[in-house]
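Residue numbers (this note's numbering), protein chains in the order written: chain U, 20 to 312; chain V, 2 to 315; chain G, 2 to 315; chain D, 43 to 535.
Hints may contain errors.
Under the rule of at most 25 Å between Cα atoms (straight-line distance), these lysine-lysine pairs were calculated in the DSS-like manner [said to hold, decoys possible]: (1) U:K295 - U:K311; (2) U:K165 - U:K249; (3) G:K121 - D:K380; (4) U:K295 - U:K70; (5) U:K246 - U:K307; (6) D:K261 - D:K423; (7) V:K121 - D:K163; (8) V:K121 - G:K301; (9) U:K185 - U:K70; (10) D:K163 - D:K225; (11) D:K233 - D:K121; (12) D:K61 - D:K380; (13) G:K121 - V:K301; (14) D:K380 - V:K121; (15) U:K262 - U:K249.
Some residues of chain U that are not near chain G, with every Cβ distance over 10 Å (derived) [to be verified]: (16) I148; (17) A209; (18) V225; (19) G238; (20) D260; (21) S301.
Keep in mind the hints are simulated off the structure, nothing from the lab. Given the structure is predicted, the values throughout are model-derived calculations rather than measurements. Every residue, glycine too, gets a C-beta built ideally from N, C-alpha and C.
What follows is each chain in one-letter form.
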Amino acid sequence: SQQGPGESAPAAASTAGGAAASGTPVIGLALSTQNNPFFVELKDGAQKAAKDAGVQLVVVDAQDDPARQISSVEDLIQKRVSVILLNPTDSSALAGAVQSAQRANIPVITLDRGVDGAEVASHIASDNIAGGKMAADFLAKELNGKGNIIELQGVAGTSAARERGKGFDDQIATTGMKVVAQQPANFDRAQGLSVSENLLQGNNDVQAIFAQNDEMALGAVQALAGKNKKILVVGFDGTPDGKTAVQSGAMAATVAQQPEEIGKLGVETAKKLIDKQPVDKSIAVPLKLLTKQ
Amino acid sequence: MTLQLNWSQAKALFQRLGSVIGLLLLFIVLSVLSPDFLTTGNLLTVLRQVSINALIAFGMTFVILSGGIDLSVGAILAFTGAITAGLMAAGHGMVLSVGAGLGLGLVLGMVNGALVSWGKVAPFIATLGTVTLLRGLTLSYTQGSPIPVTNPGFAMLGGGYIANLIPLPVIWMAVAFILCGFLLRGTVFGRHVVAIGGNEEAARLSGVRISPMKLGIYGLSGLLSAFAGVVLTSRLYSAQATAGAGYELDAIAAVVLGGTSLAGGRGWLFGTLIGALLIGFLNNGLNLLGVSSFYQQVVKGIVILIAVLLDRRQ
Amino acid sequence: MTLQLNWSQAKALFQRLGSVIGLLLLFIVLSVLSPDFLTTGNLLTVLRQVSINALIAFGMTFVILSGGIDLSVGAILAFTGAITAGLMAAGHGMVLSVGAGLGLGLVLGMVNGALVSWGKVAPFIATLGTVTLLRGLTLSYTQGSPIPVTNPGFAMLGGGYIANLIPLPVIWMAVAFILCGFLLRGTVFGRHVVAIGGNEEAARLSGVRISPMKLGIYGLSGLLSAFAGVVLTSRLYSAQATAGAGYELDAIAAVVLGGTSLAGGRGWLFGTLIGALLIGFLNNGLNLLGVSSFYQQVVKGIVILIAVLLDRRQ
Amino acid sequence: MAAQLVNMHDIHKAFGPVKVLEGVDFELVAGEVHALMGENGAGKSTLMKTLTGIYAPDSGTIQVDGKPVSITTPADAEKYGIAIIHQELNLIPALSIADNLFLGREIQRFGLLDRKAMTKKAMEWLAQVGMERLDPDTRVERLSVGTQQMVEIARALGQNARVLIMDEPTAALTEHETTTLFKLIRALREKGTGIVYVSHRMEEIFALCDRISILRDGKFVGTRPVPGLAFDEVVKMMVGRTLEARFPTRTSTPGKVRLQVEHISGGMVKDVSFDLRSGEVLGVAGLLGAGRTELARLLFGLDKPSEGRVLLDGEVVTATNPNQAIHAGFGFLTEDRKAQGLVLDLSLRENISLPRVPAHIGLVDRGGEKTQTKGLIEALKIRTRDMELNVSALSGGNQQKVVLAKWLALKPRVLILDEPTRGVDVGGKAEIYHIINQLAEQGVAILMISSELPEVLAMSDRILVMHEGHATALLEAHGATQETVMTAATGGH
Ligand SMILES: Nc1ncnc2c1ncn2[C@@H]1O[C@H](COP(=O)(O)OP(=O)(O)OP(=O)(O)O)[C@@H](O)[C@H]1O
Ligand SMILES: Nc1ncnc2c1ncn2[C@@H]1O[C@H](COP(=O)(O)OP(=O)(O)OP(=O)(O)O)[C@@H](O)[C@H]1O
Ligand SMILES: O[C@@H]1[C@H](O)[C@H](O)CO[C@H]1O
Ligand SMILES: [Mg+2]
Ligand SMILES: [Mg+2]
């Protein structure tokens, strides 16, 4: 069996429900990365909620490496936290870690991205497919259903990138618009800049750029600076920088997520688990399309 | 045959033991600071975490001892992991798939060796070139998406236990350590590795056949990287296109922290194991102590710098 | 003094010109294959893209010529960029902020130099240590979020044009190339850089003061990395905590593709410029041709390997 | 009495626990050539390095012109008019001759390199040492070792120093360059320069020097005027005992032909033929760059012959790498033991067994290895505490014996020795000659390349003389003289 003492020993030591050995309960938050303001906001939301709820929050960061994330989840198990909030680096890679936690009687709640192949206590996230669709609908309206689009993709293999791409591409296919080029820029602003520059060189007739997050969208905005062509840039996330760019007109729109809310709901749901209250299996956090007022 | 130590041997021993002493110190500090640290469960967890890096670092030790460097270990890990997972997804059995993955790792390593020996390309550049190539191949093969693995037997390789206690990856690490240690100390191959790193020209003039040796050395590194790739794929239930990014630096750090000279010709495998454990326990300890992940890197950087400053050779 | 070339000089010249010939070939191929390639707009775009890597690679050339390596360039770029942006966000003027960023880069580079010379740590390891440390400091300082910049004058540094045509970063690259080339060929400093890389012990016995030289060499690399950081921050309107990841490999690739030997003591700055252009035009060309980004890496890996195989020195 | 230039008193220097200099006195006056002698590892180079700012002495005083000084960097030494030619070559391969000549003291105008001035000066300096044929823009790596040594000499002379230290300057030179160098030294002496001359070549010392100072195990033994000094006395001061004979008598009688080299060409070597019999020592003489080392490299499979063939015991051998040459029965002791002969960071044991590690199916046989090493250490009288010691810790002579031991372990049929006693002290030389004799007695065919004519004449059965890649003479050693060899070596007949 895969049962091992690495997980079972602490479980024996902890009381049912995974409460920590002494005093205030401890909740672990395993982030995929903190190199993106989105996750920093998510963390902030979780920290505030933890303060309000009187629980301790321990944050670990995987720097986008699934193997590192498994290790940090294991470390949280060894630390005997009561609940683990998991923001997976990758949907398919963390099932083992989730199972380890569950064997140690530590419930897992996934945030922002799901885990395939393992049951979790609750999943709290935006509906990314719907978000991709929202972006496509916005462009269809602005461009009257005609035009060529460049798509900047997120880290290949993350569910966010896959789902946003799917929602967007499927919806675009129902219109007269066309995605003429798509390429990953890894959710990163500098890469967003150089990939946009290159794709724009190769595609003269482009009316819009859809970036799967705001960081890449802001890179695209830089690539367009100095060009007098009108190209609509649509991002995703609604980070502070992204919102500012929408207000100034540099970006046409962003599909705003509520990362703070995701973090806050995560802690609140964890608290419910500690207090042995029932929780929803799946919590969808609303998305909102932001445009210039 | 004599137990008497002369001064320079004593000094060398102390330098060697520097990393062991460092590990002990870290151990004591963490035991005092965190009640969760010194438990069987935690120690075995760390050993399991360390195993991937240790497997790679063992191969890297041979490469560095021979005066080279292998930047492609992470890329080989990712590519062979993807191929192994891909074969299984295509319905092939576990034995065949793993065998193919390991064989591929060996061959890819030998390609590095060929570039370095026959191609006369500097190891840094040769393996840097193969990194780019292999990363591209991995992305093309996986189309950027993870390849999930469902074979339960395969999942044991990285996730199983022996006697319900010791994680299998720890066993692999131990076996690899013993085999590699024997290869290094007990065979002509190992002797020649060190000679090449110490003075390649002298080794060549003594009849050591440099090119086949380098094929073997880089091949071993590729093989062990592929094995690490199999274990990681098993642990992650899936092969990741971007797996292993930056692993070469962790492996090199383990080798150097263990007291092996980057210039080649001087070092030991035990040191590498200690170096890998140092890094692993440091990571684990910082997490257990709840140190903010931002500061974790600062602490690690300082520890690495202090360690190499203490361990430097005049 | 004489214009006559002997055979070995001709061979050396051909080896040097290898990268130039490669660049010309690439140019011709791309012009034929893509109608968008040979336009002023595209060429200037590529030059602007190349400028960041070129600035870093110029400094790297000095380091590699002296027999060292600097893995910390990307980390220095990120940290100094963050500090510069942070100072401006705190209300300081552009001149002070940029000056502080550049000064910091110089100092951080000199810390590398001190580790390598006085600390006697191998450059690979010393700068690897500072990478970890600086990445941690950058994350701590920025708390992971980008620091936006609003100063319009500052935005010109990376985004502005001269005569409404030539991007300012291209001007910086040209100026840095001329100054560095002059430093390398026309001054005692440059001469001593090559001497140290060729035979450090001999240089020391000839009265070259190794430690101050290394401080200067790594300091220069740090300064140019910081300058690249300023330009990048300006282009992105913000400082990114993870900026510059992997830039050290691009810079090293540019230097080596340009024909500078990783063993030190042999090389030229013009080659580095050519190497950086090769990489830039290759990237651009693959994009113009619509090659899938997955296969782009495969192509790049193959090109790098072929280039170094052709250019290798016996 | 000439003016005192340098006076070193009670100099101590240790590296860690190893005491290298223990209370050494040394005095140099204007217009003398002062020999500094001692066994390998006696501390000669170290003493000179403390005088030129490379090492700081732990204690002791240094006076220049009667005034106490502190010399802590090479620049300080230059300031006091002290120049040194180090024992090891110290040139930058990728830089030009001119760049090397001015390294560390470049001529500048407005802070910039003044290339023109340096090239001009460089030509003058090269002319001074008879090397006017060299182009100052040539990169140093293109020069042979001997020519590089002449560049080093030109560099030291260019400093117009009042004190000139030469640490084994002729180790890489042959008679021809040596003669040029001696003329220069005598001219400098006339001008009042004080010269310290370190060498293991007794003939040179007696021909050139005015006084001799001797070190033994880091201690000062004494200073003697050369006129009237006996060879045996110098040896006794150096070694602490007298030597029976500089060259032991040859006793072996050559047997049947073992090696046949037929019209071999390749690289610098042009159409060389000779026979070598078992138990025979064939000396190979020639000027710098005559192609002797290249001949050895051809035989050992390091370079590819363009023509000709080689037969060993009647069978054609075609070795394309050292591994094959070794299996065919060749051994090759190279001229540069540090760069090509030894792995300095490995132990005696590991170095000695490198060409063939005692092993069964790839697994090292430790016991057999130790027995073999022990036997060789005893047979060659290698002075070491322990076979596990790194060879870097041995003196030059003992290192050379380790390289020899390496080849003896293989029991080669043909042993090529390239400058087997370069840089080895008198005692060590005698022991190496003794080993060569023993090997010949055991029937090994020996090809001995050497630039020391007395050695070639005394140790060989026959002498092959090379000139510009050709074999110009094959002389019976019995009856050959320095003159007959030199005539053939310079192309005359
Ligand atoms: N940097 C050093 N560190 C440690 N030991 C050293 C160092 N330099 C020299 N020694 C040791 O000091 C001793 C004297 O060396 P030195 O080079 O002065 O001898 P030498 O008289 O010049 O010998 P040779 O005739 O072989 O040139 C030797 O035992 C040598 O190993
Ligand atoms: N790597 C090289 N590059 C250029 N020329 C070389 C090289 N090696 C040897 N030569 C030249 O080949 C010729 C023969 O050199 P070789 O070393 O065989 O001479 P030698 O008789 O052994 O003299 P030496 O006493 O210098 O060893 C010399 O003129 C030398 O300059
Ligand atoms: O939802 C998040 C954000 O969009 C972020 O920008 C990248 O990762 C995704 O998971
Ligand atoms: Mg000496
Ligand atoms: Mg020779």
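Structure-based check of each hint:
Simply put, K295 of chain U and K311 of chain U have alpha-carbon atoms about 44 Å apart, too far for the 25 Å limit, and the pair is violated. Note on K165 of chain U and K249 of chain U: the hinted pairing holds, with a Cα-Cα distance of about 15 Å set against a maximum of 25 Å. Only pairs whose Cα atoms come within 25 Å are accepted, and K121 of chain G paired with K380 of chain D is accepted, the gap being roughly 23 Å. For the hint pairing K295 of chain U with K70 of chain U, the CA-to-CA distance comes to about 20 Å; that is within 25 Å, so the pair holds.
For the hint pairing K246 of chain U with K307 of chain U, the CA-to-CA distance comes to about 29 Å; that exceeds 25 Å, so the pair is violated. With a C-alpha separation of about 24 Å, the suggested pair K261 of chain D and K423 of chain D falls inside the 25 Å cut-off, and the hint holds. Note on K121 of chain V and K163 of chain D: the hinted pairing is violated, with a Cα-Cα distance of about 39 Å set against a maximum of 25 Å. Between K121 of chain V and K301 of chain G, the direct Cα distance comes to roughly 20 Å. Compliance with the 25 Å bound is thereby established for this hinted pair.
In summary, the hint linking K185 of chain U to K70 of chain U is not supported, as the alpha carbons are separated by about 38 Å, beyond the 25 Å threshold. Of the supplied pair hints, the one linking K163 of chain D and K225 of chain D holds, its CA atoms being roughly 21 Å apart against a limit of 25 Å. Note on K233 of chain D and K121 of chain D: the hinted pairing holds, with a Cα-Cα distance of about 19 Å set against a maximum of 25 Å. A threshold of 25 Å between alpha carbons decides the hint, and for K61 of chain D with K380 of chain D the separation of about 23 Å falls inside it, so the pair holds.
Taking the CA atoms of K121 of chain G and K301 of chain V, the gap is near 20 Å; set against the 25 Å cutoff, the hint holds. Taken as a hint, the K380 of chain D and K121 of chain V pair is honoured in the structure, with Cα atoms around 23 Å apart against an allowance of 25 Å. Restraint check: the Cα-Cα separation between K262 of chain U and K249 of chain U comes to about 19 Å, which is no more than 25 Å; the hinted pair holds. Remark: the non-interface label on I148 of chain U is consistent with the geometry, its nearest Cβ contact in chain G lying 23 Å away (cut-off 10 Å).
Distance check for A209 of chain U against chain G: the nearest CB is about 6 Å away, which does not clear 10 Å, and the non-interface claim fails. Interface exclusion of V225 of chain U from chain G stands, the closest Cβ pair being 13 Å apart, more than 10 Å. Remark: the non-interface label on G238 of chain U conflicts with the geometry, its nearest Cβ contact in chain G lying 7 Å away (cut-off 10 Å). A cut-off of 10 Å between C-beta atoms contradicts the statement that D260 of chain U is not in contact with chain G; the least separation is 6 Å.
With 10 Å as the threshold on Cβ separation, the claim that S301 of chain U sits away from chain G holds: the shortest Cβ distance comes to roughly 28 Å.
Comparing the model with each earlier hint shows violations of hints 1, 5, 7, 9, 17, 19 and 20; every other hint is respected.
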